[in-house]
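Q: Residue numbers (the numbering used here), protein chains in the order written: chain A, 2 to 349; chain B, 2 to 349.
Copies of the same chain look alike in the list, so a pair counts if it fits in one copy or across any two.
Computed cross-link-like contacts, DSSO-like style, restricted to lysine-lysine with a CA-CA straight-line distance of at most 27 Å:
1) K8 with K129
2) K90 with K158
3) K259 with K307
4) K301 with K259
5) K301 with K16
6) K216 with K278
7) K282 with K216
8) K307 with K216
9) K259 with K278
10) K301 with K216
11) K231 with K282
12) K301 with K158
13) K348 with K278
14) K278 with K258
15) K317 with K345
16) K238 with K194
17) K282 with K16
18) K258 with K317
19) K317 with K232
If you are wondering where the hints come from, they were derived from the structure by calculation, not from laboratory data. These figures come from a predicted structure and were not determined experimentally.
There are 2 protein chains.
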Amino acid sequence: MNNTFLKACRGEKTKYTPIWIMRQAGRYLPQYQKVRGKVDFLTLCKTPELAAEVTIQPIDILKVDAAILFSDILIPVEAMGMKLEFFEKRGPVLSPAVRDENTVKKLSVPDPEDRMRFVMDTIRLLRKELKNRAPLIGFSGAPFTTATYMIEGGTSKNFLNTKRMLFQSPELYRSLMDKVTDTVTEYLKAQIKAGAQAVQLFDTWAGVFSPPDYKEYALPYVIQVIKELKKWQESEKLNVPVIYFVGETAGLLEEIKKSGADVYGIDWRINLDSAIKRIGKNAVVQGNLDPISLFLPHDKIEQRVKDILQRASSAKGHVFNLGHGILPETPPESAIALVELVHKLSKS
Amino acid sequence: MNNTFLKACRGEKTKYTPIWIMRQAGRYLPQYQKVRGKVDFLTLCKTPELAAEVTIQPIDILKVDAAILFSDILIPVEAMGMKLEFFEKRGPVLSPAVRDENTVKKLSVPDPEDRMRFVMDTIRLLRKELKNRAPLIGFSGAPFTTATYMIEGGTSKNFLNTKRMLFQSPELYRSLMDKVTDTVTEYLKAQIKAGAQAVQLFDTWAGVFSPPDYKEYALPYVIQVIKELKKWQESEKLNVPVIYFVGETAGLLEEIKKSGADVYGIDWRINLDSAIKRIGKNAVVQGNLDPISLFLPHDKIEQRVKDILQRASSAKGHVFNLGHGILPETPPESAIALVELVHKLSKS
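Chain A extracted, bound-state conformation:
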C-alpha cells in the first residue's frame, strides 16, 4: 500500500514527499468533464458510482499519493434541512438564509448514515476500488466556514451578514454554531467509520477574521470538533489524522496552532519556513504552491517546487499541496508535471 501520505501526516520519515492537490478531482480534467456532462453537479455528488469514479481519476492520471472524496462542503448543510441549489454562474444558493432564532430552531443535527448515506456509500465503494493504491481523505467544511454559507445564503464577499450576526446577536450565532459543530463532528465520524483514512477540515473563510475575532468566533468550534474526534478515535482504537486548512493563515498562525490538528494546511501567501517557525517545528505542514504557478513553464514550476521543499525541511513532516484549490483553467499536463517533480526532487 502507498502509505507515504499517512506516514507524513503522522510525522514519520518517508522516502519522498507525498502530494495531493486540493480540488484534484474536478473541472480542469477532461475525464471529469465527461462524467459531469451526463449529470448535474449535485447528482454527481449523490451517486456513489460516479462520485467514486471522479475521485479515483487523479490517482490514475496525476499519480497523487492520496485520493480525496469527491463531494461538496454544502452537503451536510442540505442534510441539516436547508434547500440547496447550484446555479451555473452564481454558485450555490441556500434557502432560507439563517438569520433568526426560528430558522436556527428548524435545523437538525442529521444522522449521517440516514441523510448523507450516499457519502458513506461512496467512501465504502472507494475503499474497495482503490484497494491499496492510495489512502482516502474524507472532508468537511469547518464550522465557521460552513456557517457563513448558511447565514449568507451562499457565497459572500465581505461576510457582512455573518459578522453582523456574531457581533450583534452572539447567542443566536452560538446556537447555530452548536448545531453546525455537532453536525460536522458526526459527519466526520461517519466518514471515518465508513473508511476515510484521513480527514480535512476546510476553513476557507476563517481568514476574513482579525486574530482576536478568529480566536473567539471560529477557533473554539474547530477545537471542539477535533477534540471530540480524537476522544472518539481513542475509544475506537483508531488513528486517523486530522488536517486543518485555513484560507488565509498568515495573520492567524499563533491561534491556528491551538486547534489540535495533526497537519496544518498553509495557503500560498506566506513563506512555508516562516509559517513553520510560527506554528512550531513539531508541526506537520501541508502546502503551499500558488495555484497559478501551474501556468508557468515547467522549468519555473521546478524552481518553485524546489524552493517549497527546501522551506519545508525545517518541519517535522510535509505533505505537498497547492495553497488553495486547483483552478479550472489549469492545463492537466502541468498538474501531472507537478506530481512528478515533487516525487523526483524530494527523493534526492
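We have chain A already, so just place chain B on it with the hints.
A: Showing chain B alone in chain A's frame:
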C-alpha cells in the same frame, strides 16, 4: 491648523491619535448620496466643485483629521488611453484589456495637468476650501494594483490573466509596468504640486502574491515610485509623507518594509503589535480596525479601539484607520462614534 495627522506621519509626538477612514467620502453617507444622485460616478470624479464637496463632507460630519481626495484609482488608466466605464452591478470595465505588445504600445504616459487636470483643479480648490481645517491626502493605485485592472479589464477574483502574463510573458509585463510606474509617479508629483499634503499608494491586490512573487513583481515598482518622489521632493524642498497600503499584509511585511514608505497601512487580518514587531519599531503604522466592527454596539467598538491603540503603542507613530475601506452599509453614527472614541481614548 490641525496638523496632528501630518505630525503622526512623520513620527512626531501628537496630543492624540489622528484618524481618517479609507473611503470616508462615499456611499454610506446620505450627504454623499444627495450629490451623487445628480450625476454619474465619473462625472462626480471629474467635476472639481462636486468632488471637492464630497471630499470635505467627512471633515464636517465625522471630524476626521485628514481629508482624502475623492477620485477613483482608474482615472490615470483612462488618461493612459483605455476606455473606462462603470456599471451598477459589475463595477468598472476597462477596454481593450491589455494582453499583448500592441495594446501596451498604444498606452501613453499622460501629462497629468493635461489629461487629469480636473484632479489637480479639485486639489487646488480643496486647499482653498479646507483652509486649515485638515490636511489633504492625495492618492494613486500602486503600479501592480493599477496594472491588474488593465490586464483583467476590470476587477478580478483570481487575477489569472495578470499572473499568467507576468509568469509567461515577463517582458510584456515589464514594459506595461514601466509605463504604469511612470504614470503613477508623475500623477503623484502633480497632486503634490497642486497641494496634496500627503499621498497614499493603494496596493489593494498585492496581497494575492506569495512573498517571493510580491518581491519580484510588485515591490520593485513601488520602490521606484517612492524613490523618485523622495528625490524630486528633496530637490523641491518638499516633505510630503508617502503612505503605502497593501490589502493583505500579513505574509508580506518583511518585504513591504523595504518599500521606503513613511507610513505603512496595515489591514485588519493581523494584530497591529505583531505587524509593528515585524516591520520594525521605527515604523509609523496606519490601521487597522476591521470595517465590519462598525456594526457592533458602541461599547464593543470602544473595546476594539482601546485594543488597537494599545497594540499601536510600540510603534514610532500611529494613524488610526480601518483595515480596509468603510462598507456602504455602515451606519454613519458608528463612523462618527469611532472618530470620537479614537480622539477621547488616545488623549488619556
